[in-house]
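S.K.: Chains as they are written, first to last, in numbering that gives the first Met the number 0: chain A, 0 to 164; chain B, 0 to 164.
Think of the hints as simulated: they come from the structure by calculation, not from any bench. Keep in mind that a hint or two might mislead.
Because identical chains cannot be distinguished in the list, a pair is counted as satisfied if it fits within a single copy or across any two copies.
Unchecked claim - In silico DSBU-like pairs for lysine-lysine, Cα to Cα no more than 30 Å straight-line:
1) 36 - 134
2) 36 - 24
3) 24 - 134
There are 2 protein chains.
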Amino acid sequence: MSGRQISIEPLTREAFAPFGTVIDKAAVAPRPMNAGKARRFHDLAPVAVADPDGQVVIGAVEADPYALPLRLNLVERHPLGAQAFIPLNDAPFLVVVCPDENGAPGRPQAFVTGLGQGVCYAIGTWHGVLTPLDKRQDFWVIDRSGPGVNLEEHLFGEPWIIAFA
Amino acid sequence: MSGRQISIEPLTREAFAPFGTVIDKAAVAPRPMNAGKARRFHDLAPVAVADPDGQVVIGAVEADPYALPLRLNLVERHPLGAQAFIPLNDAPFLVVVCPDENGAPGRPQAFVTGLGQGVCYAIGTWHGVLTPLDKRQDFWVIDRSGPGVNLEEHLFGEPWIIAFA
Numbered sequence: 000m001s002g003r004q005i006s007i008e009p010l011t012r013e014a015f016a017p018f019g020t021v022i023d024k025a026a027v028a029p030r031p032m033n034a035g036k037a038r039r040f041h042d043l044a045p046v047a048v049a050d051p052d053g054q055v056v057i058g059a060v061e062a063d064p065y066a067l068p069l070r071l072n073l074v075e076r077h078p079l080g081a082q083a084f085i086p087l088n089d090a091p092f093l094v095v096v097c098p099d100e101n102g103a104p105g106r107p108q109a110f111v112t113g114l115g116q117g118v119c120y121a122i123g124t125w126h127g128v129l130t131p132l133d134k135r136q137d138f139w140v141i142d143r144s145g146p147g148v149n150l151e152e153h154l155f156g157e158p159w160i161i162a163f164a
Numbered sequence: 000m001s002g003r004q005i006s007i008e009p010l011t012r013e014a015f016a017p018f019g020t021v022i023d024k025a026a027v028a029p030r031p032m033n034a035g036k037a038r039r040f041h042d043l044a045p046v047a048v049a050d051p052d053g054q055v056v057i058g059a060v061e062a063d064p065y066a067l068p069l070r071l072n073l074v075e076r077h078p079l080g081a082q083a084f085i086p087l088n089d090a091p092f093l094v095v096v097c098p099d100e101n102g103a104p105g106r107p108q109a110f111v112t113g114l115g116q117g118v119c120y121a122i123g124t125w126h127g128v129l130t131p132l133d134k135r136q137d138f139w140v141i142d143r144s145g146p147g148v149n150l151e152e153h154l155f156g157e158p159w160i161i162a163f164a
């Protein structure tokens, strides 16, 4: 099974760029606003919508934790909109994404978030479900809502085994 | 000056409905997702965009606190998109909005948020700047980005005085 093993790497903007955007205040220089009474970290992540009938909505998710090594059987993607997850606390969570290869997910990459980081999956990016590592974690979700089919799922024939190296 | 005094009320979805949406997980029944491993609170607030050239972005703001009674000199509005603020902690903050009266803000209404509440100002809603009450407060901001003028400000001839009753 060694060919099916995936090592978890730290999440960085550069490594994640093919899949979307890391939401990370610490990576941005703020600009003053409100007569100097506030500082804005602008454009941490765009939340793109592919179709004129969709719009962005704010939601929330409570997610239960997973144990490592993780057996990854399923990934999904959203063809009509980007999808952002922002944790409500500073606990790390696992981010699993796959390159697209002719409409199917290729070999997964696994990242663990740093303090305060969230992610925004670009439109159509294959990704795993929300994966807290230690205990239940709550997230804000900013994504597309609207008519049409915005979910594709892919079941792997055999699971990928994901763990720290 | 008593005619210029505004009493702060608790923020509720009903009272705020003419101005936008209260973002409040506690007001929504979650739905199961991810094979029962997560619960989603969907559509807490739409983030509408008025023009095809705009898109929604995620940003953040650090805002300094204000003392009460607040002297409200200025409100602003965004004609091209809704604007949502979600606090990173549970501290209350002040939400000041005004009805529009022929293109100018009418008498303000002032609300104080409850535990975990955020707000989304509807497109074109007159509102005050971010107003934490006790200490610096950080927020996620979800709003429109794009070309065009998306800010109107209104300076009041004399300030409104905002305080708890």
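S.K.: For every hint, state whether the structure bears it out.
M.R.: Consistency of the hints with the structure:
1. Within a single copy, residue 36 and residue 134 get their C-alpha atoms only as close as 36 Å, which misses the 30 Å cut-off; across copies the closest is 12 Å, which meets it.
2. In this homomeric assembly, residue 36 and residue 24 come within 30 Å of each other (Cα to Cα) both inside a single copy, at 18 Å, and across copies, at 28 Å.
3. Both within a single protomer and between protomers do residue 24 and residue 134 lie at most 30 Å apart by alpha-carbon distance, with minima of 24 Å and 19 Å respectively.
In summary, the structure agrees with every hint in the numbered list given earlier.
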